[in-house]
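Chemist: Following the hints, position chain B against chain A.
Chains as they are written, first to last, in the working numbering: chain A, 1 to 613; chain B, 1 to 182.
Hints are computed from structural coordinates only; laboratory data are not their basis.
Taking lysine to any residue and the SDA-like style, the derived pairs with C-alpha atoms no more than 25 Å apart in a straight line are: (1) Lys176/B - Ala317/A; (2) Lys586/A - Tyr550/A; (3) Lys211/A - Leu59/B; (4) Lys211/A - Ala28/B; (5) Lys497/A - Pro448/A; (6) Lys12/B - Arg484/A.
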Amino acid sequence: MLEIDFGQTDPVVGIDLGTTNSLIAVMDSGSPRVIAGADGSVLVPSIVSLLPDGSTVVGEAARPLLIEQPERSVYSAKRLMGKGAADVADELSLFPFHIDPSSQSVVRISLGGKTFTPPEIGALVLRELKERAEADLGTTVSKAVITVPAYFNDAQRQATKDAGRIAGLEVLRLVNEPTAAALAYGLDKRKEGTVAVYDMGGGTFDISILKLHDGIFEVLSTNGDTHLGGDDIDNLLLRIALEDIASEWTRDLSQNGSAVQTLRREVIRAKEKLSFAPVATLHFEWEGRTYSRDIDRELFNRLITPIVDRTLGPCRACLRDAGLQPEQIDEVVLVGGSTRIPLVRSAVEVLFRSKAHTDLNPDEVVALGAAVQAGILSGTVENQLLLDVTPLSLGIETVGGVVSKLIARNSTIPASATETFTTSVDGQTNVLIHVLQGERELMKDCRPLARFELKGIDPVPAGFARIEVRFLIDANGILSVTARDARTGKETSVEVKPTYGLTDAEVEAMIQSSFENARADLDARQVAEARVEADTILAALDKAKRNDAYTDLPEAERQAIATALNQLLLVYHCDDHRTIRAKIDKLNHVTTPLAENMMNTAVRGALKGTRIE
Amino acid sequence: MVRLLPDKSDPKRYFALFDLPAKLTLDAKDLEQRYFRLSRQWHPDLFARKTDPERAQALDQTALLNDAYRVLRNPLKRAAYVAASAEEAKPQAPPELLEEVFELNMALEVLRLGDQDVRPQLEQQQQSFLAALQQQDRELEALFPAYDAGSASAADIQALLNRRKYIQNLVDEVEKALHARN
Chain A
1 MLEIDFGQTD PVVGIDLGTT NSLIAVMDSG SPRVIAGADG SVLVPSIVSL LPDGSTVVGE
61 AARPLLIEQP ERSVYSAKRL MGKGAADVAD ELSLFPFHID PSSQSVVRIS LGGKTFTPPE
121 IGALVLRELK ERAEADLGTT VSKAVITVPA YFNDAQRQAT KDAGRIAGLE VLRLVNEPTA
181 AALAYGLDKR KEGTVAVYDM GGGTFDISIL KLHDGIFEVL STNGDTHLGG DDIDNLLLRI
241 ALEDIASEWT RDLSQNGSAV QTLRREVIRA KEKLSFAPVA TLHFEWEGRT YSRDIDRELF
301 NRLITPIVDR TLGPCRACLR DAGLQPEQID EVVLVGGSTR IPLVRSAVEV LFRSKAHTDL
361 NPDEVVALGA AVQAGILSGT VENQLLLDVT PLSLGIETVG GVVSKLIARN STIPASATET
421 FTTSVDGQTN VLIHVLQGER ELMKDCRPLA RFELKGIDPV PAGFARIEVR FLIDANGILS
481 VTARDARTGK ETSVEVKPTY GLTDAEVEAM IQSSFENARA DLDARQVAEA RVEADTILAA
541 LDKAKRNDAY TDLPEAERQA IATALNQLLL VYHCDDHRTI RAKIDKLNHV TTPLAENMMN
601 TAVRGALKGT RIE
Chain B
1 MVRLLPDKSD PKRYFALFDL PAKLTLDAKD LEQRYFRLSR QWHPDLFARK TDPERAQALD
61 QTALLNDAYR VLRNPLKRAA YVAASAEEAK PQAPPELLEE VFELNMALEV LRLGDQDVRP
121 QLEQQQQSFL AALQQQDREL EALFPAYDAG SASAADIQAL LNRRKYIQNL VDEVEKALHA
181 RN
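Next up, chain A with everything else stripped away, as it sits in the complex (with noise of 0.2 Å):
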């Protein structure tokens, strides 16, 4: 049997793509490693910008562009992962993303006169760790493992994989952020008991707990909230914030971008400052005027108490459903940025009577185990097996707009269940099943998935068909569907229309538009690179030409410099870097007897620095 080969040179990585924050972590000689990029930080922040010129900034530079050019800048877009744009109506009051009127099953987010959709946004910013990667592991890096909220429904998960494939990777495996944040921490630590994970990030809530047996994640239970983390308390504060500068400047600063964005940090900042500090000074300056309040822990815990109160209703479904009283849970485990808020931390020790444990940093730690689930896949870490649930139910529209579960919460994944249809009309040769996701009766309190249509049945009487429909959840949490003719043993064809999301085509073509922009971008930075360096060389030959050792060079070699030189001017503004590196590389091999009459001169720096290696 073909066996495909996951060598030395073909590394699997961890991505924690988050709200906030985005990382990527790799398994280096036995244990997971969080890459830092350029500047020293592992962390990328999840912001996208779009240049004047049509070209993307991400991650930190992205930042000053939040304030400078708001309209052109979007942050948080997880938020808006496998969502319509009916359902991202009032989340749009606080943040300043333009959506494109054409959105309908997906959002579109114009950026100055362009449309992207979340995934290509989460596309991008998955490129930029992916680049990160390959310039610390010198070698392309083409396969990923990335972690979801494990509350996110199928929509969410197929928006996910698709960013992943738009970037260039094959996504080999969605893993459960708490989930993988488990397997980090118990790689080290416990061999059997029970744990609670509490995940509060930017942007989600998760709650899971899990039964540890010797090397298996056995996933008993999980709840959450994809719409409930550290971003809601910025808007409280924020909202809160624009009220009282209203009140006290009277000017609405709610509709300017800008001092939008700039408040947002400023009380960003407060509140971070509050998770170690009894007071924070919330200070803001606007067009010469000043805005200054001191805000301390206890008014910032009665402000978030019914926030942090939102993460207990889950956190106690989550134990029921798991059989569990809190007392029989041996240990917490606090991920997300936003654990590190005292109150949240009191409150899951009250909930679960028991210390809450800190010891992994709570922004590393899923990307950690994202890259110990990528060493499972490939390999390389052996005995450990995660055992993940679905945390939705999957229905089906039966008569009446009721659902009829199939497959309950917190099944198990890899689950199916197979179920026997028939035909209600003479000859009938389609059937329509519309399945839906959620815990409610009745269809219209559900989130629809999609609808498959069985196409060529066999023409028979009504009630003699029997079509036999197997709705199969991979270990991504992901639904198929496939149907064969019990009567004569034949495949019926499935065709999905997803209800929220991209068809294939759509993925497929903003993966060849992603690929172009990359090629794009990148002659672009190399182009400039160039211009750089012939900029280098260029001054440096000035300079130099006012040196004795220039007057004393033969004729024909002053002749072969002045060509060389105005070869480079003349193609120094053409768009291709290679033309230009040649151009370099001609005047820099026609002035090395130049460079070496100066040797004994004290300008013999100047020159030789310039030389381009």
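Modeler: This is chain B only, laid out in the frame that chain A set:
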């Protein structure tokens, strides 16, 4: 589109997967050990480097394993799987509880009309039905060895499951009524 009843024509299939006899009494710890051992053999994560057909087979096999474990580890689902070969449990009122059920329905009606004073009474009744539920569970467990020995029938188990379902529905209904926002 018409959905047909589930076909459970082979109730031994799930047991065979674990290499166990099709008996209702089973050792939970032993079942768990078998499940982990098989997961370590079949899980798709361990086939990531294999060919497409091998990966598809691992996915299929593991889905079936998980489906089987979900049913067999839970005594109620296990009983339903073995006994109720072709039908779902049909709620059926246990005769000895009829009077209590009548009183409960009265109390629920009073609450629906807006009288909150009836809440403590309802909570108490809910406790009593929860106790009845536990009683059914004990009876069911007692039936397991009897069924395995051939002295109880699938119909006996089905009848018990139907009674249990009826009580469960009542408990759920009270729960819903007590927590409904007026």
